[in-house]
Each structure stands twice: as structure tokens, then as C-alpha cells.
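Asks: If you read the protein sequences in the order shown, they are chains A and B. Our numbering puts the first sequence at residues 1 to 111. Our numbering puts the second sequence at residues 112 to 224.
Any given hint could be a false lead.
What the hints assert, rightly or not - Taking lysine to aspartate or glutamate pairs in the DMTMM-like style, the calculated list, with each CA pair at most 25 Å apart, reads:
1. A/K70 / B/E212
2. A/K103 / B/E167
3. A/K51 / B/E163
4. A/K103 / B/E212
5. B/K122 / A/D71
6. A/K103 / B/E139
7. A/K106 / B/E212
Worth flagging that the hints you see were computed from the coordinates, not collected in a lab. Quick caveat, the model's predicted, so the values are computed rather than measured.
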Amino acid sequence: GQQLNQSPQSMFIQEGEDVSMNCTSSSIFNTWLWYKQDPGEGPVLLIALYKAGELTSNGRLTAQFGITRKDSFLNISASIPSDVGIYFCAGQMGSQGNLIFGKGTKLSVKP
Amino acid sequence: DTGVSQNPRHKITKRGQNVTFRCDPISEHNRLYWYRQTLGQGPEFLTYFQNEAQLEKSRLLSDRFSAERPKGSFSTLEIQRTEQGDSAMYLCASSLGWGSEQYFGPGTRLTVT
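Using the sequences and the accompanying hints, generate a full structural model.
Replies: Spelled out as C-alpha cells, the structure:
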């Protein structure tokens with residue numbers, strides 16, 4: 001099925017560092033969402049974006065809805081060990097109810 | 112706990128057997144979605160309901176798969192004559208309506224031997 005282009009695939013960082021990941025698509029989306037998934041669990045919603053250009057924060061997380069409506073990024077500041085996991089972007093198109101997901105960014109944090 | 116719940120969490124079955132999974136959405140949510148996730152991939156959409164009506168089905172949903180939401184509350188996903196390729200995590204999500212956030216359950220991990 002259709003998927004978004006998410007990068008990087010994986011990141012190994014030191015505790016305290018900032019992290020940036022992004023998602024791009026050839027299609028326009030009306031909504032962008034960012035999820036975190038731990039092994040064996042379902043995705044947990046981190047941030048939802050509804051408007052082109054929107055910048056939204058949730059604690060140490062900041063995400064933006066690209067002005068072209070074809071991309072989004074997620075930043076994590078001052079990473080901590082519990083940030084470890086797989087981060088997924090997901091987009092929703094105009095008339096469809098379903099989400100289209102990226103392949104995920106696996107984040108590893110060294111204490 | 113008022114989140115989305117799924118049962119069972121794990122299911123091991125032999126090829127050719129039928130399996131059924133249940134999803135209980137967040138109580139006031141009228142939309143319910145089923146996704147499938149294989150290792151190293153993001154979730155892929157299968158089907159969704161608005162109340163009891165099944166509004167969209169992905170081409171991934173072969174004729175061996177059937178989903179119901181009889182009273183607009185919980186939903187079941189049945190897979191008939193399971194195949195090894197059906198092994199995956201089956202995720203359920205719910206939302207208040209179109210365009211609003213989708214909240215996921217913990218998933219059901221299916222292993223077909």
C-alpha cells in the first residue's frame with residue numbers, strides 16, 4: 001500500500017541531544033499526526049497537526065505541518081532514555097478516513 | 112481504563128483455522144478503524160466503520176477477511192482459512208469523526224504456524 005517517505009530510518013544519539021525526523025509525500029494531506037510505538041504495543045499519539053504551516057509543541061516535542069501540505073517534521077529536544085522507540089508519521093487525505101503511515105524512525109538513546 | 116482495548120493480545124493458530132479478534136473503542140467515538148502491521152513497516156489500513164456502517168475497505172482486505180460492528184460499539188475482525196502471510200499485528204483505532212485524532216489499541220499479535 002501507499003506509504004510516506006520517512007527519514008532517517010534509525011538514529012543512535014547520546015542522552016541530552018536534540019533529534020529531528022521528517023516525512024515527505026507526493027500527495028497533499030489535510031492532517032499530519034506523529035505517533036510513538038514501543039515493542040509489542042500500539043502506536044501512541046504524540047502530536048496532531050491540522051493546518052499548513054502549523055507549529056505545535058507537546059513538552060519537549062515540536063512538530064510542523066509543511067506549507068506545501070506534503071511534508072512534516074518532528075523535533076525532540078534534550079532526549080532522555082525513555083524516548084527510545086519507533087516514531088511514525090501519518091497523514092490523512094481529503095475524502096478518506098484512513099491514515100497513511102511512514103515506515104518509522106527507530107530512535108536509540110545512549111545514557 | 113477508557114482507552115481502546117483489544118482481545119486477545121496474542122493468538123497462535125494453525126494454517127487453515129479461523130480466528131476472530133475484538134476491539135472496544137473509546138466510548139463516545141463513532142469511527143472505528145482496523146489496520147495491519149508487519150515487522151519493520153508502518154500500520155496499513157484495512158477497513159473502517161462510522162457507527163455500524165462499514166464505509167471503506169482496502170484492497171488488502173481479501174474475501175477471507177470480514178469485519179462487523181453490529182451495534183456501533185465494539186467491532187470484530189474475522190479471518191477465515193488463515194495463511195502464514197496473515198501473521199501480523201492487527202491494530203484497532205477509534206476517533207470522534209472524520210479528521211479528528213485516531214487513538215490506537217494495544218493490538219492483537221497473530222502468529223499462523
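Asks: For every hint, state whether the structure bears it out.
Replies: Hint-by-hint comparison with the structure:
1. Distance hint between A/K70 and B/E212 is fulfilled; the C-alpha atoms sit about 19 Å from each other, no more than 25 Å.
2. The suggested pairing of A/K103 with B/E167 holds, with an alpha-carbon distance near 23 Å, which does not exceed 25 Å.
3. Restraint check for A/K51 and B/E163: the C-alpha separation of about 30 Å exceeds 25 Å, so the hint is violated.
4. A distance of roughly 19 Å separates the Cα atoms of A/K103 and B/E212; the hinted pair therefore holds under the 25 Å criterion.
5. For the hint linking B/K122 to A/D71, the alpha-carbon distance of about 37 Å lies beyond 25 Å, and the restraint is violated.
6. With a CA separation close to 30 Å, the supplied pair A/K103 and B/E139 exceeds the 25 Å bound.
7. The straight-line distance between the Cα atoms of A/K106 and B/E212 is roughly 23 Å, inside the 25 Å bound, and the hint therefore holds.
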